[in-house]
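Novice: Generate the whole structure from the sequences, applying the supplied hints.
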Amino acid sequence: MTNVVHNQVMWNRLIAVVEEQALALIRTAFSTSVREAGDLSAGVFDPDGRMIAQAVTGTPGHVNTMAAAVRHFIADIGPERIYPGDVYITNDPWKGTGHLHDITVCTPVFRNDRLIGFFASTAHVVDVGGRGYGPDAKEVYEEGINIPIMKWVDRGRLNQDLINILKVNVRESDQVVGDIHGLAASNETGRRRLLQMLDEFGLDGLETLAAFVFDRTASATLQAIADVPNGVYVNEMVVDGYGEPVTLAVAITVNDDGMHADFTGTSPVCPFGINVPLGYAHAYFTYGVLVALAPELPNNFASLDVFSVSAPDGVILNAKHPDPVSVRHVLGHFVTDLCLGALAGALSDRVPAEGAGALWNFQASARSSNPSDPRPPVEILMFNSGGTGARPRLDGLTSTAFPSGVRTMSAEATEQVGPIVIWRKEIRPDSGGVGEHRGGLGQVIEIGPTEGYQFDFSAMFDRIDHPARGRFGGGDGASGSVYLDDGTRFAGKGRQVVPEGRRLIMELPGGGGFGDPDNRDAASIANDREQGYVTR
Amino acid sequence: MVGIRIGADVGGTFTDVVLQRVDGTYASTKVLTTHDAPERAILDGVAQLASSEGVDLAADSVEQFIHGTTLATNALIERRGAKTALVTTEGFRDVIETRTESRFEQYDLNIVLPTPLIERKDRFTVAERRDARGDVLVEFDVDGAQRLIERLAAEGYESVAVGFIHSYVDGANERRFRDLLRERLPNVSVSISCEVSPQMREYERFNTVCANAYVQPLMASYLVRLRDQLHERGITCPLYLVHSGGGLISVESAAEFPVRLVESGPAGGAIFAADLAARYGRDRVLSFDMGGTTAKISLIDDYRPATAKSFEVDRTARFKKGSGMPISIPVIDMIEIGAGGGSIASVDSLDQIRIGPQSAGSEPGPAAYSLGGQDATVTDANLVLGRLHPDTFGATDIDLSPRLATDALTRSVGERLGLDADAAAVGVAEVVDENMANAARAHAVENGKDMAGYTMIAFGGGAPLHAARLMDKLGLDEMIVPPGAGVGSAIGFLVAPFSYEAVRSFYTSTTDFDVVGSNAVLDSLTEEAMAFVRQGTDSAVTVERQVSMRYAGQGWEIPVMLDAESAFDDFAAELLSSKFTKAYEGFFGRAIDDLAIETVSWSVRVSSIVATPERVELSSEPSSMMEATASRNAYDAVSGARAVTAVLGREDLLPGVAIAGPAIIAEQQTTTVIGSHHRCTMQPDGTLLVTRASDAQNGAPR
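If you read the protein sequences in the order shown, they are chains L and A. According to the numbering used here, the first sequence holds residues 77 to 612 in order. According to the numbering used here, the second sequence holds residues 548 to 1249 in order.
Read the hints as simulated data drawn from the structure, not as lab findings. A couple of the hints might just be wrong.
[As the list claims (entries may be wrong)] Beta-carbon label-pair distances, calculated as ranges: (1) A:Ser896 x L:Asn245: 46 to 52 Å; (2) A:Glu1091 x L:Gly528: 39 to 45 Å; (3) A:Ala1114 x L:Asn235: 45 to 51 Å; (4) L:Ala599 x A:Val1062: 54 to 60 Å; (5) L:Gly161 x A:Gly965: 40 to 46 Å; (6) L:Glu606 x A:Pro785: 42 to 48 Å; (7) L:Asp333 x A:Arg627: 24 to 30 Å; (8) A:Ala1087 x L:Asn235: 52 to 58 Å; (9) A:Glu1091 x L:Gly334: 58 to 64 Å; (10) A:Glu1112 x L:Val454: 35 to 41 Å; (11) A:Ala1087 x L:Leu470: 55 to 61 Å; (12) L:Thr284 x A:Arg1162: 48 to 54 Å; (13) L:Asp449 x A:Arg729: 44 to 50 Å.
Think of the CB as a built atom: it goes at the ideal place given N, C-alpha and C, for glycine as much as any other residue.
Specialist: Here it is, written out as structure tokens:
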């Protein structure tokens, strides 16, 4: 067999190995966001911590945060303390994937007593203690327990001390510890499969294959970004933030060697947990450019190495310890639209209009209206999405997550979990920005507590004051709103109460339109009316 | 009395008809499917067999006629169903359009999500609402329902799907709506979700009831036509249909729940493989069925195909999960990928060879067919590699051209990669084999299985060409190519039991176990399944009861088998906990202490007992080795080079005799290829058993 084909077959096999690793994780996860939302990541790395392959299953937020994590593991554990039978762990937001809720587990792989690489996987766990998931902490200390890089298993011996610490510091500790075991088990699945693969192909290690993968990917990535002329591309976007609006600014420099995004001009960090570690902003910048320029390229060290970022200390996209970062995804998700917007002029046939961006996650704690009722509150989590921006040749997607990769949960399954009723979850007509191509529609959700109950919920909603902007003559998407059925307005961020007998109404934002609405074809206009997507 | 039995499988390209003679042996034929009136091809095939067998079907009393068809599937894919309305609970009009609110392909900005089967203008709501326990939150609005029915009448809908929130707990309101509709519009078809698929999760359930309603008028009229025309020809025996779960149901049930017929052809293939597994005493089998467009892989443990509670039809994007429409019905669990003989090879931006999912189909077909196809396909690669040959190719009406195949491979693959046609063909074959192996591995992982020790059974026109290589890639030790491999599904129909699996979601937890409720659910499911089976047979049946459970907080359930008949008592929670914990450990290696366990869905499968096939021992120790008289220069994947390869006809291999690889064994409907370290031993019953030659001497090398 020729080398070209042989290497391709092995590369595909390696991707299959990490897909298997990811599947094993999804099957065992307790975390709703892992199983319903694919909020996980899995990959294989060379001995220097360079990622060779990553499972396609997973979410962009982990793309290159986890890719960078393994080098931190090597440095902090110390190369001389890496042994067969070890497993490492961390949830440090600045060394892992951006907030404490993501636990990253890393396992070294040895072959004939030689370190040949690592497997790493990340999952969003149910709880990490502290105030619980939400933006209201003032410092990362309040957001939960921080596990510095350490050994979860040392030469086959489980770190029972850490388990004991977790047991008294996190809620639902059985599930959390179960998920850490699941992460370690998924790495082990990967490790075993990799060794089988090396046996089958008669290889001692991954060096040759990694070199082939990096070489192929680097040239394909550089070729793809050559579609953007060298230069500097800027964009600014204002979003709601927490309490006061946040300006996100970027200047992307494109040259022959890659792309660099600088976030100078972005608002300073804020006192709430919507701040973003730079690595997470990096991930959504990289994702945005790759999805526009080279959707076929797999993620690995070489495809990510071409993209770099910088930002002054203390801007909201470069939060530093101990800034609170719990819900870093809200602004992080806008980084993709921000960066795509900068490139829209150069890539006018590829870049969509702005979309709803951040998810409208609904996390409620429902309890009896009777304060003396001893039963603990029930936690309910839903992921909901507004509309995406219209594309250069297509309408936006209605109620669909972008850039996040999450799925929503069934209303029936959610009602089985706790005492709430979802009264409405329907398309929101007229919410897509007008244009030659219409923005995706948002949705309307009505939720109330059942009889005898009330709930409070942690709002993490954006695009209430700052709608998704249209592009090239397209109109803005409708902005979102949150209120009670008696008309009481709610804020877009923070903890708020829905009393018994009331319903919370959420109108999710729509995506921006693309191109002059006068150029919209008659059949699409007629269909919008016939289906009730547009009523006025 | 035992008479003739006939099985007919209507597929996308061919209609296979198999006649089982009184002595149990088979005769078969393949005719082109007649898409405008599929019954025509069936009747043609039946007439051909009657004439070649010299039997008068009217007089010789056909005992059973068993039918499976892709007609329902194709109607869904091609959107050729009835003008259908969906009626749902107020507030939930768009469930089938907003789907899971996700993109099945993360890296495609121009992604197009599947269009809902029923458009928004055809979806209507009624005021009514129950909560998760079935208690009424909003009374059913009778006046509103009647106004809506008038509107449905005025707009001329032919079929109506009804799906209300939480109707799997209590379907009374769906029934009320159906009764009102039937009273006013007796000629309109109506399907209700609490009957079609009473499972929790509204998106999947609504989609399933929509699919049922959408194809019902078409399927009902087709089935009546088929039955009438069989009657006209004197075939008055009962007509049974194969359902997606791999059992038989009456034609009346099929007409009422046609969505259960989706995937009945592939189900037949899995039953075929399961029957062979039992015959040869292989309790862990990987069924590998490869045709012109796709390959289907399923796992068969303990002689029974694995089943699932839902699947997707019409995956639009490279068979990617999430790109089709979900159907929640019991189904034989298989993975289907775009890897068939006609799958087209191309080179992507990373200079990697890609195969499918586009297929050249039968028109224009692979480049080698000389019918105008320009794209290189898997079949072209097999021809260039010497695995197929114009002289031994079964279909005599096709003129295989090695020159056209070579040109196509050079053009589509070779020029981009700097490879000659030979090397390009090697690449195409390797990549398609690797794709299938990876799909099989992922399928095994998803089902918590390890493939070591499995036996592969290969059938369908393409599978035996690739099976030996796939067996090596998966680390399997033996592979079987049965006789009749080309019409496996139709043969499978004839060994299928009467069976029905009834499924219903019912939530309870080990912390507060609802004994009475659980017993009631199991009883009603048993009654429902039994009623279906009793339409076909009075013979003895098995009853299998199963509950899907998970730790509270998890999203994926593990099936747990219950004891056959006994009702739950006060110890039910402990019993279920221990069964679940054991099953969980089996899947994931370790259980978790102290967590509540909840039940999600319950199912009861009733099946008639089918005679166990007589055990046949396979032997890989031949009485003698055969020396082939003919050979050609063909690519051997084991050594990675061309080699002198023995060529023979399947009929040349006598029972007990083996041929050493590399070898090519040709027959009418397929070709079996083995590599240089394989050996193929002909069994007394005509089956080919492929093993690694060195296994007998040195133990299995890896």
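Novice: Is the hinted range of 24 to 30 Å satisfied by the C-beta distance from Asp333 of chain L to Arg627 of chain A?
Specialist: 54 Å, violated
Novice: Does the Cβ-Cβ separation between Thr284 of chain L and Arg1162 of chain A fall within 48 to 54 Å?
Specialist: Distance hint for Thr284 of chain L, Arg1162 of chain A holds at roughly 49 Å.
Novice: Does the Cβ distance between Ala1114 of chain A and Asn235 of chain L fall inside 45 to 51 Å?
Specialist: 46 Å, holds
Novice: Is the hinted range of 42 to 48 Å satisfied by the C-beta distance from Glu606 of chain L to Pro785 of chain A?
Specialist: Check passed, 46 Å falls within 42 to 48 Å.
Novice: Please test the hint of 40 to 46 Å on the beta carbon pair from Gly161 of chain L and Gly965 of chain A.
Specialist: Since the Cβ atoms of Gly161 of chain L and Gly965 of chain A sit about 45 Å apart, the hinted range of 40 to 46 Å holds.
Novice: Are Glu1091 of chain A and Gly528 of chain L spaced within 39 to 45 Å by their CB atoms?
Specialist: 41 Å, holds
Novice: Between Ala599 of chain L and Val1062 of chain A, does the beta-carbon spacing fit 54 to 60 Å?
Specialist: Holds - the Cβ-Cβ distance for Ala599 of chain L and Val1062 of chain A, about 59 Å, lies within 54 to 60 Å.
Novice: Does the Cβ-Cβ separation between Ser896 of chain A and Asn245 of chain L fall within 46 to 52 Å?
Specialist: Holds: the Cβ-Cβ distance is about 48 Å, inside 46 to 52 Å.
Novice: Does 44 to 50 Å hold as the CB distance between Asp449 of chain L and Arg729 of chain A, or does it fail?
Specialist: 46 Å, holds
Novice: Take a look at whether the Cβ-Cβ distance between Glu1091 of chain A and Gly334 of chain L falls inside 58 to 64 Å.
Specialist: About 59 Å separates the Cβ atoms of Glu1091 of chain A and Gly334 of chain L, which means 58 to 64 Å holds.
Novice: Given a hinted range of 35 to 41 Å, is it respected by the beta-carbon distance of Glu1112 of chain A and Val454 of chain L?
Specialist: This hint holds: roughly 37 Å between Cβ atoms.
Novice: Given a hinted range of 55 to 61 Å, is it respected by the beta-carbon distance of Ala1087 of chain A and Leu470 of chain L?
Specialist: Since Ala1087 of chain A and Leu470 of chain L have Cβ atoms about 58 Å apart, the given range 55 to 61 Å holds.
This entry does not satisfy hint 7, going by the numbered hints stated previously; all others are met.
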